[in-house]
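Asker: Below are the chains, spelled out letter by letter.
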Amino acid sequence: MKHTNKLKLIALLTCCAGLAFADQNIEIVGGSSAGAPKLTIVNFTGDNGSVIDEITSDFKITGEFSVNNVVSSDAIDPTTQYVVSGSVNNDPTTGQVQVTYQLTNNTTKEVLLNQTASFNSKFQRKAIHTIDNNIYQKLTNTPGIFNTKVALTAKQGSKYSLVLSDFDGYNPKTLLSTNRPITSLAWDKTGQNISYVTYETGKPVVYVQSLTQGSRYIVANFNGSNSSPAFSANGQKLAVTLSKDYGSHIYLVNNQRYNSASQAMPLINYGTIDTEADISPNGKLIFTSDHDGGPQIFMSDLNGSAPTRVTTGLGNYNTTARFSNDGTKITFINRNNGVLQTYVLDLITKSAYPVNMSANHDLAPSFAPNDKLVMYSSDNNVYISNTTGTVQTKLNNFKYGQIIDQRWSRSF
Amino acid sequence: MKKLIALAIAGGALVACSSNKAPVEAPVASAPVVAPASAPVVSNHNAVYFAFNKYDVQDQYAGVVKANADYLAANAQAKVQVQGNTDDIGSVEYNLSLGQKRADAVKKALIASGASKAQIEATSNGKLHPKYDNNTSEARAMNRRADVIYTTDQPKGYSTDANGLPMVDGSVYNGTVTEGVE
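Chains as they are written, first to last, in this note's numbering: chain A, 1 to 412; chain B, 1 to 182.
Honestly, the hints are just simulated from the structure, not real lab data. Backbone N, C-alpha and C fix where the C-beta goes; we use that ideal spot for every residue, glycine too. Hints should not be assumed to be uniformly reliable.
As the list claims (entries may be wrong) - Which chain B residues face chain A? A few, computed with CB under 7 Å, are given here:
{"id": "1", "residue": "Glu121"}
{"id": "2", "residue": "Leu128"}
{"id": "3", "residue": "Asn134"}
{"id": "4", "residue": "Asp153"}
Claimed, not checked - From the derived model, a few chain B residues whose C-beta atoms are all more than 12 Å from chain A:
{"id": "5", "residue": "Ala62"}
{"id": "6", "residue": "Ser91"}
{"id": "7", "residue": "Tyr94"}
{"id": "8", "residue": "Gly126"}
{"id": "9", "residue": "Lys156"}
Go ahead and model the full structure; you've got the sequences and the hints to work with.
Answerer: What follows is the structure in structure tokens.
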């Protein structure tokens with residue numbers, strides 16, 4: 001009897017040890033990677049599970065691979081195209097960890113990568129993400145996004161906060177906490193500065209904050225409302241929405257501390273409402289305007305000339321468009337029968353398609369720095385979809401009450 | 001025909017008479033009288049309500065506009081911030097601009113009634129600062145609103161709550177509300 005109990009206890013401990021390392025916070029909730037290249041991850045020798053779980057969840061999020069785990073190389077499916085294997089060595093006295101990993105083409109048996117990473121265990125997540133970036137780059141010839149950042153604003157109770165975290169919601173840092181709303185996030189191309197709007201002074205005012213120095217300054221505090229900033233490609237100017245001349249229109253301001261002599265150059269005065277500007281690296285501007293009645297997305301040259309409607313045949317409510325980093329796509333929110341749904345529109349082919357198939361109230365979509373994924377919130381949960389909408393991941397680490405805005409960084 | 005809901009939210013008006021002494025000499029400062037649903041809006045209030053998807057100041061709020069414009073005209077040092085608001089569904093930024101249209105409309109009406117432009121700043125909270133929870137169509141209607149908030153030389157008896165909103169607006173809303181979101 002005693003013996004049996006002891007066995008049960010051991011079984012329980014083993015089970016829990018396994019569970020503790022499985023990342024419950026990243027949940028593939030929709031779609032299928034069937035037909036995608038098979039990527040097999042073989043258990044690393046010396047790993048307690050934390051290393052291969054991290055690798056597995058990162059590659060599942062991409063939607064580009066059909067990922068599976070096997071306990072040993074004997075169990076590799078012969079039809080798999082790529083294999084990741086390796087070993088982990090921990091030194092518990094120093095906390096140093098050494099991970100050796102190989103990426104192999106399973107068809108040709110060619111070793112594509114054979115590298116060793118050494119790091120302190122407290123930096124393990126970042127180190128494994130770097131390994132994943134190396135593997136991803138080798139497989140796709142595209143930089144990986146596993147060490148990128150996300151900015152988010154939310155309301156929790158009566159408090160509003162601006163939070164910076166890893167792309168998957170880990171390592172959150174609160175940059176600002178106030179009793180007044182914070183919204184309208186934008187990143188510059190360097191990833192070192194963000195812009196946002198707060199009501200700290202009693203009305204919407206646009207700030208720029210340095211993430212390296214922590215300092216901030218007001219860039220737009222004109223009479224009326226100041227909102228919806230977007231950095232120019234070189235970061236020296238910002239497009240903002242101002243109401244100083246009645247209505248809401250888009251202006252260009254210098255990226256410097258606002259004073260009473262600051263000037264705003266008119267860019268877009270097309271409807272009674274022109275807002276939500278975004279600037280592409282190839283010199284285009286997109287914005288939301290009520291020029292045709294309800295809100296629709298328009299694109300113009302950077303100086304505001306030649307606005308043309310981008311969202312046609314997509315109902316009477318399209319807002320919140322954001323460029324991909326290469327300027328060839330936008331992601332935006334479409335409202336149809338009360339459902340707010342994240343879309344991607346290819347500016348070259350003009351095709352538009354939803355990327356969240358279970359949408360109810362989506363908001364604030366933005367592209368990953370490598371343009372392969374889109375992040376958005378839906379009923380206060382954060383999701384990532386691939387840009388074709390075939391794979392969707394729920395990021396359970398983002399628990400912030402009511403999410404107001406979020407933006408994926410534009411840099412790696 | 002879409003579902004129409006007639007609203008008569010007069011509950012606050014009684015309290016308003018005693019506690020909110022109004023921007024100006026108010027015709028209803030003393031005797032608490034239950035306002036019937038059809039009563040004209042009295043002049044000692046600081047809120048203008050808007051119909052669904054509408055941005056024009058309706059005639060029933062002429063009294064609100066006149067009372068505040070008269071006070072501003074008579075008190076050149078007084079300043080107000082007119083804050084526009086919307087209900088809760090849709091883009092944060094687009095709703096901010098919809099709220100701005102409401103604030104702009106009240107600002108223009110105040111100027112047309114004698115206030116000077118320099119006394120009024122029109123801003124918007126959009127959907128971010130709802131005074132009422134947006135869980136019923138009545139509450140959403142109450143959030144389609146612009147508040148006249150005194151920042152300098154407040155009228156006697158004027159006070160604001162913890163959220164900076166006029167303590168008691170006491171407004172009577174007796175329009176019709178179409179089901180829907182902005």
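Asker: Confirm or reject: Gly126(B) is not an interface residue toward chain A, with every Cβ-Cβ distance exceeding 12 Å.
Answerer: violated (8 Å)
Asker: Are all beta-carbon distances from Tyr94(B) to chain A longer than 12 Å?
Answerer: Non-interface label on Tyr94(B) violated, nearest chain A Cβ at 5 Å vs cutoff 12 Å.
Asker: Taking the least C-beta to C-beta distance, is Leu128(B) closer than 7 Å to chain A?
Answerer: holds (4 Å)
Asker: Is it correct that the beta-carbon of Ser91(B) has no partner in chain A closer than or equal to 12 Å?
Answerer: violated (4 Å)
Asker: Say whether it holds or is violated: Ala62(B) keeps its Cβ farther than 12 Å from all Cβ of chain A.
Answerer: holds (21 Å)
Asker: Checking hints one by one. Is Asp153(B) an interface residue toward chain A, by the C-beta closer than 7 Å rule?
Answerer: With Cβ-Cβ at 17 Å, over 7 Å, it is violated.
Asker: So, as I understand it, the hint says Asn134(B) touches chain A; can you test that by seeing if any CB pair is closer than 7 Å?
Answerer: Status violated, d = 12 Å.
Asker: Verify that the Cβ of Lys156(B) lies farther than 12 Å from every Cβ atom of chain A, and report whether the claim holds or is violated.
Answerer: holds (22 Å)
Asker: Using the nearest Cβ pair, does Glu121(B) come within less than 7 Å of chain A?
Answerer: holds (6 Å)
Consistency note: the structure conflicts with the earlier hints numbered 3, 4, 6, 7 and 8.
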